[in-house]
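> Those sequence lines, one after another, are chains A and B. The numbers in the UniProt record's numbering rise by one with no breaks, and the one at position 208 of the first sequence is 208. The numbers in the UniProt record's numbering rise by one with no breaks, and the one at position 84 of the second sequence is 84.
Hints in this document: simulated from the structure, not taken from any laboratory. Glycine included, each C-beta is placed from N, C-alpha and C at the ideal position. None of the hints are false.
Over the 12 angstroms line for every Cβ pair with chain A, so calculated as not near, a few chain B residues:
| # | residue |
| --- | --- |
| 1 | GLU63 |
| 2 | ARG88 |
| 3 | ILE97 |
Example chain A residues on the side facing chain B (calculated, C-beta under 10 angstroms, incomplete):
| # | residue |
| --- | --- |
| 4 | SER70 |
| 5 | GLU73 |
| 6 | LYS74 |
| 7 | GLN77 |
| 8 | ASN79 |
| 9 | GLY156 |
| 10 | GLU160 |
| 11 | CYS189 |
| 12 | ALA191 |
| 13 | PHE193 |
| 14 | ARG221 |
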Amino acid sequence: MCVTCGCSDDQNVTLTNVATGKLKEINGHHTHTLEDGTVITHSHDHNHKHDHPHNHLSEIHAKMHGTTISLEEKILQKNDLMAAQNRGYFKGRNILALNLVSSPGSGKTTLLTRTINDLKDKIIINVIEGDQETVNDAQKIKETGCKVVQINTGTGCHLEASMVEKGYTELNPEPNSILMIENVGNLVCPALFDLGEAAKVAILSVTEGEDKPIKYPHMFRESKVMILTKIDLLPYVQFDVNKCLEYAQKVNPSLTIFQVSSVTGEGLSSWYDWLENQ
Amino acid sequence: MHELGITQNIVAIVLEQARGASVKRVTLEIGKLSAIMPEAIRFCFDICCQDTLLEGVTLEIIETEGKGKCRHCGHEIRLSQPFGQCDRCDSFELDIIQGQELQIKEMEVEELCV
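Just chain B, same shape as in the assembly:
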């Protein structure tokens, strides 16, 4: 259950960046090949936010599709797991070019000044 530790990380980073401001929404980018379950993050997020300034914050998760590029012919293919076979030249040597993201993309804070 590594998602719990990772969610604690997310909450700590957002709190530090918010510097006391009131946060309304947090947007995460989690790749489908990142070995992280968005559902588990959601489950842990509410628990981790309790008794912090983030209690009640909306969590938005953008899931990016997996994409690989063949090292031999340069062809790009969609991946649903962190490996695959090029459908043009049959090579297994692929570089994963998308889908391993694990980052806090942005957060929305309440405007405090005019």
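Bound conformation, chain A alone:
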């Protein structure tokens, strides 16, 4: 990630607007203006060295007297700043942004399409889809008639705040709407990257292990909501619901938990109520 602007430089990140079929490279040339007025243009498809001239000699001298320079700089600061900017954008437009996180195959997209279809007449929902490759998920969402952009992270294993910023700029979501950000299927890294969302919603299916909350505690601790999906399959799988809830509450006592089936519709109404009351 470029520390000057916060964009990623190590991956081939693309953004697809499935309505127009237009594909954009998110990484391109960037222009930065330094405090002293120096303007730098560089691209992110190589290891840029930032070897441009600086006029900071007097400052360097001042600092060189001590050999140790204290930085106390947060490594993810640029992402956090961009996330704060996103949060302001959402707040100003009264948009509820939710960051949906889970392992691959938990039923995120199915839950999302069902939710959009069921709430169509009440709330406008727009979607940012994150996957390493393909626009398949965005196509499925598009069939519901809502606005969607697909972000492909290439080798990247999570969405970052700057990608979400590019996503909503393209989407241009309506005020008083919901923005669902479907993160890359991964229970590790997305826990570290704030996107500016109002809440992380962790999705766990009953075809996985009931101990996922304590196996991946960072994610479940960071989330405000957990949705247990595919509960219609409970008669056929060995999944101890009570154990799972116990683990989840142990990791995060204030977690709001819903148990749903996107196929039968069971339990969805309380999830919808929660969405409408935010």
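Knowing the structure of chain A, use the given hints to seat chain B on it.
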């Protein structure tokens, strides 16, 4: 493998702060509850420093212990994972007060002037 991206970040921040000065040592503070593996950072650091001014720099990592504070009785306990139970009142409601650090603490540069 989010450590690679994070290490690239570290290298970029240090290079920017060094402003061309020769860096000898970089000290990071990584909490034990931060979901970052110091070993992975070490592995990536050498690779990320190649062909930059930081090639050959010493990397020092301070690992801070996890610590939680009970929201009910205020008791502080050590944590080896980002959750736990108060050993005084048995509550699971803990605030993590230490161990999630992820920052570049300092760097040592060569003195250029007298």
